[in-house]
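2 protein chains.
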Amino acid sequence: MTAFQSRFAPLPEFATPALGSVTFPWGFQACGIHAGIKRRRRDLGLLVSDHPAVSAAFFTGNRAAAAPVTVTREESATGALRAVVVNSGIANACSGPQDIDDARRMRDLAAALLDLPPGEVAVSSTGVIGEPLPMEIVEQGIERAVVKLTSEGGEDFAAAIRTTDSSDKTAALSFDARGGEIRLGFAAKGAGMIAPNMATTLCFVTCDAPVPLGLWRAMMTSAVEESFNRITVDGQESTNDMVLGIANGAAGIVLGDCDLEQLSEALHAGLLSMALAVVADGEGATTTVCLCIEGAVDSAEAERVARAIADSPLVKTAIYGRDANWGRIVQAAGMGLSRNIHGPLACDVAFDGIEVARRCHPVHLDETEELQLMEAVAAPELRIMVDLHRGRGSAVVYFSDLTNHYVHLNAGVRT
Amino acid sequence: MTAFQSRFAPLPEFATPALGSVTFPWGFQACGIHAGIKRRRRDLGLLVSDHPAVSAAFFTGNRAAAAPVTVTREESATGALRAVVVNSGIANACSGPQDIDDARRMRDLAAALLDLPPGEVAVSSTGVIGEPLPMEIVEQGIERAVVKLTSEGGEDFAAAIRTTDSSDKTAALSFDARGGEIRLGFAAKGAGMIAPNMATTLCFVTCDAPVPLGLWRAMMTSAVEESFNRITVDGQESTNDMVLGIANGAAGIVLGDCDLEQLSEALHAGLLSMALAVVADGEGATTTVCLCIEGAVDSAEAERVARAIADSPLVKTAIYGRDANWGRIVQAAGMGLSRNIHGPLACDVAFDGIEVARRCHPVHLDETEELQLMEAVAAPELRIMVDLHRGRGSAVVYFSDLTNHYVHLNAGVRT
Numbered sequence: 018m019t020a021f022q023s024r025f026a027p028l029p030e031f032a033t034p035a036l037g038s039v040t041f042p043w044g045f046q047a048c049g050i051h052a053g054i055k056r057r058r059r060d061l062g063l064l065v066s067d068h069p070a071v072s073a074a075f076f077t078g079n080r081a082a083a084a085p086v087t088v089t090r091e092e093s094a095t096g097a098l099r100a101v102v103v104n105s106g107i108a109n110a111c112s113g114p115q116d117i118d119d120a121r122r123m124r125d126l127a128a129a130l131l132d133l134p135p136g137e138v139a140v141s142s143t144g145v146i147g148e149p150l151p152m153e154i155v156e157q158g159i160e161r162a163v164v165k166l167t168s169e170g171g172e173d174f175a176a177a178i179r180t181t182d183s184s185d186k187t188a189a190l191s192f193d194a195r196g197g198e199i200r201l202g203f204a205a206k207g208a209g210m211i212a213p214n215m216a217t218t219l220c221f222v223t224c225d226a227p228v229p230l231g232l233w234r235a236m237m238t239s240a241v242e243e244s245f246n247r248i249t250v251d252g253q254e255s256t257n258d259m260v261l262g263i264a265n266g267a268a269g270i271v272l273g274d275c276d277l278e279q280l281s282e283a284l285h286a287g288l289l290s291m292a293l294a295v296v297a298d299g300e301g302a303t304t305t306v307c308l309c310i311e312g313a314v315d316s317a318e319a320e321r322v323a324r325a326i327a328d329s330p331l332v333k334t335a336i337y338g339r340d341a342n343w344g345r346i347v348q349a350a351g352m353g354l355s356r357n358i359h360g361p362l363a364c365d366v367a368f369d370g371i372e373v374a375r376r377c378h379p380v381h382l383d384e385t386e387e388l389q390l391m392e393a394v395a396a397p398e399l400r401i402m403v404d405l406h407r408g409r410g411s412a413v414v415y416f417s418d419l420t421n422h423y424v425h426l427n428a429g430v431r432t
Numbered sequence: 018m019t020a021f022q023s024r025f026a027p028l029p030e031f032a033t034p035a036l037g038s039v040t041f042p043w044g045f046q047a048c049g050i051h052a053g054i055k056r057r058r059r060d061l062g063l064l065v066s067d068h069p070a071v072s073a074a075f076f077t078g079n080r081a082a083a084a085p086v087t088v089t090r091e092e093s094a095t096g097a098l099r100a101v102v103v104n105s106g107i108a109n110a111c112s113g114p115q116d117i118d119d120a121r122r123m124r125d126l127a128a129a130l131l132d133l134p135p136g137e138v139a140v141s142s143t144g145v146i147g148e149p150l151p152m153e154i155v156e157q158g159i160e161r162a163v164v165k166l167t168s169e170g171g172e173d174f175a176a177a178i179r180t181t182d183s184s185d186k187t188a189a190l191s192f193d194a195r196g197g198e199i200r201l202g203f204a205a206k207g208a209g210m211i212a213p214n215m216a217t218t219l220c221f222v223t224c225d226a227p228v229p230l231g232l233w234r235a236m237m238t239s240a241v242e243e244s245f246n247r248i249t250v251d252g253q254e255s256t257n258d259m260v261l262g263i264a265n266g267a268a269g270i271v272l273g274d275c276d277l278e279q280l281s282e283a284l285h286a287g288l289l290s291m292a293l294a295v296v297a298d299g300e301g302a303t304t305t306v307c308l309c310i311e312g313a314v315d316s317a318e319a320e321r322v323a324r325a326i327a328d329s330p331l332v333k334t335a336i337y338g339r340d341a342n343w344g345r346i347v348q349a350a351g352m353g354l355s356r357n358i359h360g361p362l363a364c365d366v367a368f369d370g371i372e373v374a375r376r377c378h379p380v381h382l383d384e385t386e387e388l389q390l391m392e393a394v395a396a397p398e399l400r401i402m403v404d405l406h407r408g409r410g411s412a413v414v415y416f417s418d419l420t421n422h423y424v425h426l427n428a429g430v431r432t
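Going line by line, the protein sequences match chains L and G.
Under this note's numbering, think of the first position of the first sequence as 18, with each following residue one higher.
Under this note's numbering, think of the first position of the second sequence as 18, with each following residue one higher.
It is possible that part of the hints are untrue.
[Claimed, not checked] Simulated coverage check for chain G against chain L, where a stretch passes if three residues somewhere in it have a Cβ under 8 Å from a Cβ of chain L:
#, segment
1, 143–151
2, 334–343
3, 376–382
[Stated by the list, open to error] Reference listing, derived: stretches of chain G covered by chain L, where coverage requires no fewer than 3 residues with Cβ under 8 Å from a Cβ of chain L:
#, segment
4, 111–125
5, 308–319
6, 346–353
These are computed hints drawn from the structure, not numbers from a lab.
Predicted model only: the values in this text are computed from it and were never measured.
Cβ atoms here follow ideal geometry from the backbone N, Cα and C, with glycine treated the same way.
Chain L extracted, bound-state conformation (with noise of 0.2 Å):
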């Protein structure tokens, strides 16, 4: 998928798509190689901005966390990070004791050879958890990879961070602020362990406009939880999630309130599409939906009961199957209900429109709106509405089919 092809994640209208990665915004220096940690593809990253920045990074929330995630978490405290060190392959999660030196030796040697202080360099890890990191390949790697670093650098540095992914996942974007142009550039990775808690799977996200780091951080926490952490592929919070913001005021202008409206449009915008991206793209998936809940009794039920239909097999096989079931909606959505408010489940269901089931019974379709649920469960992208007529809570999640696919991946890769 393209960026900004979802009719989930439209392109704004005052904004240009661009091609390019995280090196689109200027000031910004980027390279992927083969190290050597897998056999053949490209598997460590480099970016850095050539000038100090403000960050903001995000982690997952999973207990059993990676040692990358442990290091960069507490770097992060100073919102001073402007470059980061990634590789694939190999998580370096649960890899032995030694694991946190070997994120802290990731960190120093490209910070040392950026001639930047580790406090402003982040480390970042993919691939198969409970394996050490071959640490004399990565050093040998990081000091290739310095010299390659180029403002044209973005598409390889997408590259160097897949994992199962089938495809980079890379957007670009710019628009006309009151004192010149702003640009914006996204890289990331998804594939499997997918959830929406916290920044899921990794992302990178480049600006060149300059930016208060409250401000910043402000932006990318909204963006990052309408986007990152509504997405689910398989429920599976991974060891390693990490999104990483990085805006470095190379463009050069001063940006008023309208500007600032803009840009935290833009980078909404930017992150869902990622987001999207990273759910079209999940293990063997073939279907993105789109599921709106709403009339829960709050926000928190809301949320649960988008969870447990976006997590349930049974939903996600019958997506797989271009099944309008939404009898295993329902049930789905019976288990995510708050246990202290009573009276019977009455729920409307609609597939893209059209209305299946109102308060849980089965609604009578003519021939022409079966032809269109047809259609619509056959589409690429699906939107699913339910409504539980509890109240005033709604909640929105994206989310995959499940599929043999996922199966024959998952049974036979280590991950």
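Following the hints, put chain G in place on chain L, whose structure we already have.
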């Protein structure tokens, strides 16, 4: 799987296994016929005690409960249920505004033909959600069933309650109490929508011991809690789950304290055997895993961690792939830990006694151990032990693997 063939649910030493099902105990009659709800297979069952009886019933916690659950739940308060009419093929859940009336008509017709008060007859359904029962066929079926009741009808009854089950699930046992022999019979159905929350799936238990209502309920509650509430196939709590136990005293003896203890133990073993048969025959399942969580902060945390692991599609597919992938177990465990207790996760993981991870780090195995590990994960039953080293909370859950066949079944079949 034949009853009591699982090493996780051995037959108590004092008991003798028997051929048979719910009509093995004295004073019960049953039948199972083809009414015509399904194309060819038996789809309507009737079970009745010749004498007044005490009953204990357990229902789904799903808020989208089916009509027969709602109807039987009301009746069960008196503890005097002595008969049940069950259909398979259609769940009578979310099937329209007539669903409750249809469930009552099934019950009332069976009661009238059996010459019993309606309050002594349970009604139960299993099958497709969202379609109305063909009441004419059901009513004719009940009329035909009543005249087919026999004390040898337990097997036919067990056949009539099946949906996607690949085999009948029955067990029978007897033991010598002080005053004479006591008999227990079991029939269950399972396959999909199986998760550990209250009575999951359908299971009917008969017993000819004379037990006071309060004691029978206490015994059944404890046995259900340690069997049907401890299994998961796909984490999906069904709309129609029900476990019903009927004790009619037809053995005609008086029980002593020691007899009651044996009865309770036999009930546990029988119900666990049925629950494990449901897991072993889970849709597409090839492996039954007994997962033991130890060292949790409390039992609630142990339960959450157990469920997180047992319902993780990554863990389930790894087991299908015969991969002792403890990394995915640690990752899933990390999702279930209490958030308010700090410190990194440092758990041990063992497969059938072979420790593969200690404090979240890989354990080196010698050649013999590697071979034992390969044999352990290749077997149809596997024990996984996870010690969290955080406290004294523990939990046990039984679950099945996730296979291509599960996806195939559920992407193609309406359930």
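Comparing the hints with the structure gives:
1. 143–151: Per the Cβ count (4), the hint holds.
2. 334–343: Our answer is that it holds, as 7 residues pass the Cβ test (under 8 Å) against chain L, meeting three.
3. 376–382: holds (count 3)
4. 111–125: holds (count 4)
5. 308–319: violated (count 0)
6. 346–353: holds (count 6)
Violated hint for the displayed structure: number 5, the only one.
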